[in-house]
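Novice: Numbering follows numbering that gives the first Met the number 0, in which position 5 of the sequence shown is assigned residue number 4; successive positions increment by one, without gaps.
Everything labelled a hint here was simulated from the structure, so no lab data went into it.
Please note that the accuracy of each hint is not assured.
[Claimed, not checked] The list that follows gives simulated cross-link-like pairs (lysine to any residue, SDA-like), each with its CA atoms no further than 20 angstroms apart:
hint, residue 1, residue 2
1, LYS119, VAL191
2, LYS99, ASP70
3, LYS119, ASP88
4, LYS99, ILE140
5, LYS99, LEU13
6, LYS37, THR25
7, LYS99, MET0
8, LYS99, VAL7
9, LYS37, THR6
10, LYS99, GLY73
11, LYS119, GLU198
12, LYS237, SER155
13, LYS37, ASN60
14, LYS37, VAL75
15, LYS99, VAL75
16, LYS237, ALA278
[As the list claims (entries may be wrong)] Between beta-carbon pairs, the in silico distance windows are:
hint, residue 1, residue 2, range
17, PRO82, TYR171, 47 to 55 angstroms
18, THR273, THR28, 34 to 42 angstroms
19, HIS111, GLY177, 42 to 50 angstroms
20, ASP236, ASN285, 24 to 32 angstroms
21, ASP122, ASN10, 17 to 25 angstroms
22, GLU210, ASP11, 20 to 28 angstroms
23, THR273, GLY54, 54 to 62 angstroms
24, ASP57, TYR91, 23 to 31 angstroms
25, GLY279, GLU58, 43 to 51 angstroms
26, ASP236, GLY1, 18 to 26 angstroms
27, THR247, THR53, 23 to 31 angstroms
28, ILE140, VAL4, 19 to 27 angstroms
29, PRO147, THR294, 17 to 25 angstroms
30, HIS111, GLU287, 35 to 43 angstroms
As the structure is a computational prediction, the values presented were derived from the model and not from experiment.
Positions of the beta carbon are idealized from the N, C-alpha and C atoms, including for glycine.
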Amino acid sequence: MGWAVLTVILNDLLIADTPVIIQGATGHTARRHITVMKQHGTRIVAGVSPGRSTGPNDEVNIYPTCADAVDATGAVTAIQFVPANRVTDAAYEALASGVKLLVTVTEGVPVHDCASILRKATDLGTIWVGPSTPGIVVPGIIKLGFMPEIALAPGSVGVMSKSGTLAYEVCYRLVREGLGQSSWIGVGGDPVKGTRFAELLDYFATDLNTESVVVVGEIGGTEEEELAAALNNRAFDKPCHCLIAGATAPSGKTLGHAGALIHGFHGSFPAKATALERAGAVVHRNIESLIEAMTT
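Start from the sequences and build out the full structure, keeping to the hints where you can.
Specialist: Following this line, the structure appears as C-alpha cells:
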C-alpha cells in the first residue's frame with residue numbers, strides 16, 4: 000500500500016466517530032478492554048463471536064460473523080482479541096467484510112500466517128496493524144487496543160513503537176514531564192507485520208498536531224534502517240528521536256521479540272544508530288537520554 004493511501008485512511012479513521020467492531024468479543028480479555036476503550040471515547044458498535052449472539056453480560060451487541068456486524072453497524076475498523084491459531088481465519092473474515100483498518104493484538108502468530116494476512120490486506124487496500132501490537136491511540140479521541148491510561152495524554156509527540164512495555168514506560172515518563180501524544184501507533188515486534196515504521200512517516204509528517212516524533216525500536220531486523228532510508232528520501236522536517244533497545248545485549252543471546260534477529264552487521268545497534276544519525280535523527284541508548292533530550 001502506498002504511503003499516501005495509508006495516511007489518508009488513518010486520517011479518516013482515527014477520529015471519535017469511527018465505528019469499531021471487536022473480534023473475540025465474548026472472551027475475558029476482550030470484555031475488560033471493551034469497557035476501557037469505550038470509556039476512552041472509542042465508538043465500539045458491535046462484537047463478533049462465532050456461533051454466539053448477544054447475552055445479558057455483553058456490553059455490545061454480539062454477531063456470529065464480521066459480515067453480520069458490518070452490515071448492521073457500518074463498522075470500518077476491527078480489533079482482534081482472538082487466539083494465535085485463529086487469527087488468520089478471523090483476519091480473512093474481517094477483511095472480506097470490508098473493514099479498512101484491522102488491528103491484531105495477538106502474540107505468537109506464525110510468520111507464514113502473517114505473510115498471508117498481509118498479502119490479503121494489501122490486495123484489498125486495508126491497513127493491517129500488528130500482530131503483537133498494543134494498538135493505536137489518539138489520546139482523548141480513540142483507542143484501538145490496550146495502551147495504559149496512565150501513559151496517555153493529549154499532546155504533540157507522535158509515537159511509533161515495536162515494544163509495548165518499553166513504549167509504556169517512555170510515554171509515562173514523557174506525560175509526567177507534560178509531553179503527551181498526538182498519536183501513538185504500536186507496530187509490534189514480529190518480523191512480518193502489517194505496518195512498518197517507514198510507512199508511517201508521511202502520516203506524522205502531515206499531522207498538524209504532531210510537532211516531534213519518538214521511535215521506540217530495538218536491535219534486530221532492518222525496520223529502523225528502513226526508517227532511516229525513508230527519512231533521507233522524504234520531506235520530514237520534524238525532530239525525530241529514536242530509542243534503540245538492546246544496545247548492550249550480549250552477542251548470541253535470544254531476545255523476546257520474534258523480529259529481534261541480527262544478521263551480520265545489519266540489525267545491530269551500530270548499524271541502526273549509524274543509519275538513523277546520518278538521516279538526521281537523534282539516537283538514544285536509554286530512556287533517560289531520550290527524556291532529557293525531549294525536555295531540555
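Novice: None of the hints should be skipped; say for each whether it holds.
Specialist: These are the hints, each one checked on the structure:
1. For a cut-off of 20 angstroms, the pair hint linking LYS119 to VAL191 stands: about 14 angstroms separates their Cα positions.
2. A hinted pair counts as satisfied when its Cα atoms are at most 20 angstroms apart, and LYS99 with ASP70 qualifies at roughly 14 angstroms.
3. A hinted pair counts as satisfied when its Cα atoms are at most 20 angstroms apart, and LYS119 with ASP88 qualifies at roughly 12 angstroms.
4. As the CA atoms of LYS99 and ILE140 are separated by approximately 19 angstroms, the hinted pair is consistent with the 20 angstroms bound.
5. In summary, the hint linking LYS99 to LEU13 is supported, as the alpha carbons are separated by about 11 angstroms, within the 20 angstroms threshold.
6. Taking the CA atoms of LYS37 and THR25, the gap is about 16 angstroms. The hint holds against a cut of 20 angstroms.
7. A distance of roughly 12 angstroms separates the Cα atoms of LYS99 and MET0; the hinted pair therefore holds under the 20 angstroms criterion.
8. For the proposed pair LYS99 and VAL7, the alpha carbon gap of about 11 angstroms is at most 20 angstroms, so the pair holds.
9. Distance restraint check for LYS37 and THR6: the Cα-Cα separation of roughly 25 angstroms exceeds the 20 angstroms cut-off, and the hinted pair is therefore not satisfied.
10. Restraint check: the Cα-Cα separation between LYS99 and GLY73 comes to about 11 angstroms, which is no more than 20 angstroms; the hinted pair holds.
11. Simply put, LYS119 and GLU198 have alpha-carbon atoms about 18 angstroms apart, close enough for the 20 angstroms limit, and the pair holds.
12. The straight-line distance between the Cα atoms of LYS237 and SER155 is roughly 11 angstroms, inside the 20 angstroms bound, and the hint therefore holds.
13. For a cut-off of 20 angstroms, the pair hint linking LYS37 to ASN60 stands: about 14 angstroms separates their Cα positions.
14. Restraint check for LYS37 and VAL75: satisfied, since their Cα atoms lie roughly 16 angstroms apart, inside the 20 angstroms limit.
15. At roughly 5 angstroms between alpha-carbon atoms, LYS99 and VAL75 fall within 20 angstroms of each other, so this suggested pair holds.
16. Proposed proximity of LYS237 and ALA278 is supported: the alpha carbons are some 12 angstroms apart, at most 20 angstroms.
17. About 29 angstroms separates the C-beta atoms of PRO82 and TYR171, a value inconsistent with the hinted range of 47 to 55 angstroms.
18. The hinted range of 34 to 42 angstroms is satisfied by THR273 and THR28, whose Cβ atoms lie roughly 40 angstroms apart.
19. A C-beta distance of roughly 45 angstroms is found between HIS111 and GLY177, which places it inside the suggested range of 42 to 50 angstroms.
20. Range check, ASP236 to ASN285: about 27 angstroms between beta-carbon atoms, so the 24 to 32 angstroms window is met.
21. Checked against the given bound of 17 to 25 angstroms, the beta carbons of ASP122 and ASN10, roughly 22 angstroms apart, stay inside it.
22. For the hinted restraint 20 to 28 angstroms between GLU210 and ASP11, the CB-CB distance of approximately 22 angstroms keeps it satisfied.
23. Taking 54 to 62 angstroms as the suggested C-beta distance range, the pair THR273 and GLY54 conforms, at roughly 56 angstroms.
24. For ASP57 and TYR91, the hinted distance range of 23 to 31 angstroms is satisfied, since their beta carbons lie about 24 angstroms from each other.
25. Here the CB-CB span from GLY279 to GLU58 is close to 46 angstroms, well matched to the stated 43 to 51 angstroms.
26. A beta carbon spacing of about 21 angstroms between ASP236 and GLY1 agrees with the range 18 to 26 angstroms that was offered as a hint.
27. Here the CB-CB span from THR247 to THR53 is close to 52 angstroms, at odds with the stated 23 to 31 angstroms.
28. In this structure the supplied range 19 to 27 angstroms holds for ILE140 paired with VAL4, their Cβ-Cβ distance being about 22 angstroms.
29. As the Cβ distance of PRO147 to THR294 is approximately 21 angstroms, the hint placing it in 17 to 25 angstroms holds.
30. Between HIS111 and GLU287 the CB atoms are about 40 angstroms apart, so this pair conforms to the stated range of 35 to 43 angstroms.
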